[in-house]
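738 is the number that this note's numbering gives to position 21 of the sequence shown; each next residue is one higher, with no gaps.
For the record, the hints were derived by calculation from the structure and aren't laboratory data.
Please note: incorrect hints may appear among the correct ones.
[Claimed, not checked] Pairs of lysine-lysine residues, derived as DSSO-like cross-links and limited to a Cα-Cα distance of at most 30 Å, are as follows: (1) K850 x K819; (2) K801 x K757; (3) K775 x K752; (4) K805 x K842; (5) K872 x K806; (6) K819 x K801; (7) K805 x K775; (8) K872 x K850.
[Unchecked claim] Cβ pair distances, simulated, as ranges: (9) E835 x N780: 48 to 54 Å; (10) E835 x K729: 20 to 26 Å; (11) K729 x T754: 31 to 37 Å; (12) F770 x E835: 34 to 40 Å; (13) D733 x F791: 44 to 50 Å.
Bear in mind that the values here come from a model prediction, so they are computed numbers and not experimental data.
Beta carbons are placed, not taken as given, at the ideal position from N, Cα and C, and that holds for glycine.
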Amino acid sequence: SIIRPLLGCFRKEIEDYVKLCGITACQDDSNYDTKFTRNKIRHELISYLEQNFNPNIKEVLFNTSCTMQELYDFVESQAYTAFKRCVKKDGSCVNINQDSLKRHHPYIITEVIRMAFEFVKGDLKRFEYAHYKEIESLIYERPVGSVVDLPAGIKAVKNKHWLTIGR
């Protein structure tokens, strides 16, 4: 059996359904061990927030997470469109038109840079916020010919009109 979390359901709803269907539920003892951050949040923080601030905090957090997912999906679609407009792929390198890129919202710029790095490397491991800030500085402040060293031997190079990310 494969068991996946039912993020859209509250525990009480699941327990009621299991009881109604006559299913025997299995509990993993690690779910109660508060040495794990997720359990400490679930058993201590959420309870504290319900008792002291909002008895409906779980619903509020769930609704907020749904809204944030929709917002993220929208931003990702905008970033993907910007990526297609601003980027020319050249083998394993990505060339980003800086003038075109600068017309976008700062967050979209960040996402285009993330997509470019991921295209070149294949994943985002070790690519951190500090790298975004260095590339932002490269685009807006540093002179042509400047280079930023990125993880896995990847470099970002500022040319006159293009920012090249590659090995």
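Verification of the supplied hints:
{"no.": "1", "hint": "K850 x K819", "verdict": "holds (15 Å)"}
{"no.": "2", "hint": "K801 x K757", "verdict": "violated (43 Å)"}
{"no.": "3", "hint": "K775 x K752", "verdict": "holds (22 Å)"}
{"no.": "4", "hint": "K805 x K842", "verdict": "holds (23 Å)"}
{"no.": "5", "hint": "K872 x K806", "verdict": "holds (15 Å)"}
{"no.": "6", "hint": "K819 x K801", "verdict": "holds (14 Å)"}
{"no.": "7", "hint": "K805 x K775", "verdict": "violated (45 Å)"}
{"no.": "8", "hint": "K872 x K850", "verdict": "holds (14 Å)"}
{"no.": "9", "hint": "E835 x N780: 48 to 54 Å", "verdict": "violated (30 Å)"}
{"no.": "10", "hint": "E835 x K729: 20 to 26 Å", "verdict": "violated (40 Å)"}
{"no.": "11", "hint": "K729 x T754: 31 to 37 Å", "verdict": "violated (23 Å)"}
{"no.": "12", "hint": "F770 x E835: 34 to 40 Å", "verdict": "holds (39 Å)"}
{"no.": "13", "hint": "D733 x F791: 44 to 50 Å", "verdict": "violated (35 Å)"}
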